[in-house]
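**Q** First to last, the sequence lines map onto chains A, B, C and D. Heads up, the first sequence is in our numbering, so the first residue is 769 and it goes up one at a time. Heads up, the second sequence is in our numbering, so the first residue is 769 and it goes up one at a time. Heads up, the third sequence is in our numbering, so the first residue is 769 and it goes up one at a time. Heads up, the fourth sequence is in our numbering, so the first residue is 769 and it goes up one at a time.
Think of the hints as simulated: they come from the structure by calculation, not from any bench. Certain hints may be false.
[Claimed, not checked] Across the chosen pairs, the derived CB separations fall in these ranges:
no.	chain 1	residue 1	chain 2	residue 2	range
1	D	P788	A	E802	41 to 49 Å
2	C	G820	D	G844	20 to 28 Å
3	B	G791	A	P863	20 to 28 Å
Every residue, glycine too, gets a C-beta built ideally from N, C-alpha and C.
4 protein chains.
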Amino acid sequence: MTASKLTVEGFADLLATHMPQVGKAGIRVAAMGEGTCTMRVEPSGDMIRAGGTLSGPSMFALADLALYGAVLSRIGAVPLAVTSQMSINFLRKPPVKPMVAEARLLRLGKRSAYGEILIFSEGEADPVAHATGSYAIPAQG
Amino acid sequence: MTASKLTVEGFADLLATHMPQVGKAGIRVAAMGEGTCTMRVEPSGDMIRAGGTLSGPSMFALADLALYGAVLSRIGAVPLAVTSQMSINFLRKPPVKPMVAEARLLRLGKRSAYGEILIFSEGEADPVAHATGSYAIPAQG
Amino acid sequence: MTASKLTVEGFADLLATHMPQVGKAGIRVAAMGEGTCTMRVEPSGDMIRAGGTLSGPSMFALADLALYGAVLSRIGAVPLAVTSQMSINFLRKPPVKPMVAEARLLRLGKRSAYGEILIFSEGEADPVAHATGSYAIPAQG
Amino acid sequence: MTASKLTVEGFADLLATHMPQVGKAGIRVAAMGEGTCTMRVEPSGDMIRAGGTLSGPSMFALADLALYGAVLSRIGAVPLAVTSQMSINFLRKPPVKPMVAEARLLRLGKRSAYGEILIFSEGEADPVAHATGSYAIPAQG
């Protein structure tokens, strides 16, 4: 009913198999719900920018994965879903601390899905970035 | 007049100083014009995805840098310009070969700039991605 | 504190003075909060499309006004704030019935504001459209 | 080959039949090419805003129609293609004079199309707005 079709462990396994670079980058699945997914990243290496902030592409990557999780929470483990469009607004400079991205689906069709993502510095109330994105879902055999 | 305020070497130096991870990721400045910039990336490591394609975040990062170069081509070396918004559409799956991102400014104001970026697999006519983005330009002292 | 700097009546007056076409199009201010605004439209004339649905530009216009109201709820009656960017995703075909657009600010800076808007067919739970947008705020004299 | 599958007259007829409000708003088809379309609008009535400029929603509507034309130039007269996403950046305030929107497709798939649109005040070199958008193409019977 209102449960995710993919557990936190299920999504973590799928990522470890198909996108091993995700775990190496310090990104973890934090929570899965029905149409929602929260990802968390521990900053390291190339994510950290001069001046003590985190890179835009690292926020983009986190948002993209959280939305992917939100899609899979509704359709189950479909590794071939691919991002077709993503738009991100950078709202505040994040300090060098863990970030969490909270995604929720706003529409799930047969061939595409659309949702939004808020990214926070862990423990803060105001988002550091807001993104929206679409996934293309392959036709089922 | 119609020349870039920053040479290829000047932009490369600025990146080496402020964003050393760019060079490590195989990204190079290929060309600078007045309001234009072309970046090139040699795929490696974490950019490469299962199935023989290149990751979305790596295309995002390349587009972001190319637009940054296009902004600096008009205002000179201002390291504090920051991306405020970026939107990317993934049009075709890129094979595992070098990509080039060609950015051009469409508007330069005192406090912000806006432009677009086409990303190609090197030597191909049809773009693999199209992006638009805005940069915030800090007030000059 | 947590009240709007502009009442429903205040925003309605500003629109009647500066944008009289809004009222003629059947658009009304429904609610104002701190950083939020709800607009409602009664469909008529050119908004209605063949096949019994409402036009995309009419949803765009409604989203734009709701975000404008959300900006003014925080800064007061500043008629010169102008939209700099707006992105809209059409999620479901709206039937020919009233629509409401609910906007909320996600960031308010000195010179710009950013927020998102959900548009619903009145009384429905699933949004017909989702938009994000930025406003440029003129420097105060 | 490299010709439009729909002539200027063909697209004008389709609009007159399915979207009569377009002509009433002063919007005309100016040119069709392979994957391109130019629309022109003569400003009137509700498009004109206080201060002597043109409304954002009127630019959005013009961009949307130009992209629709660019899609139909490749697939022929398919009235059911619908906008799924549109993003617009307002670059300069247009004066109260005719505007032209030039759209070109960047990708045409079986079920969706993506392109970009530049809007100019007639006779000016710098665009007043830039937009990108996606159309969903219905499955053929």
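**Q** A separate judgement is required for each hint: does it hold in the structure or not?
**A** Checked hints:
1. D:P788 / A:E802: 41 to 49 Å: 43 Å, holds
2. C:G820 / D:G844: 20 to 28 Å: Given about 25 Å between the Cβ atoms, the range holds.
3. B:G791 / A:P863: 20 to 28 Å: 25 Å, holds
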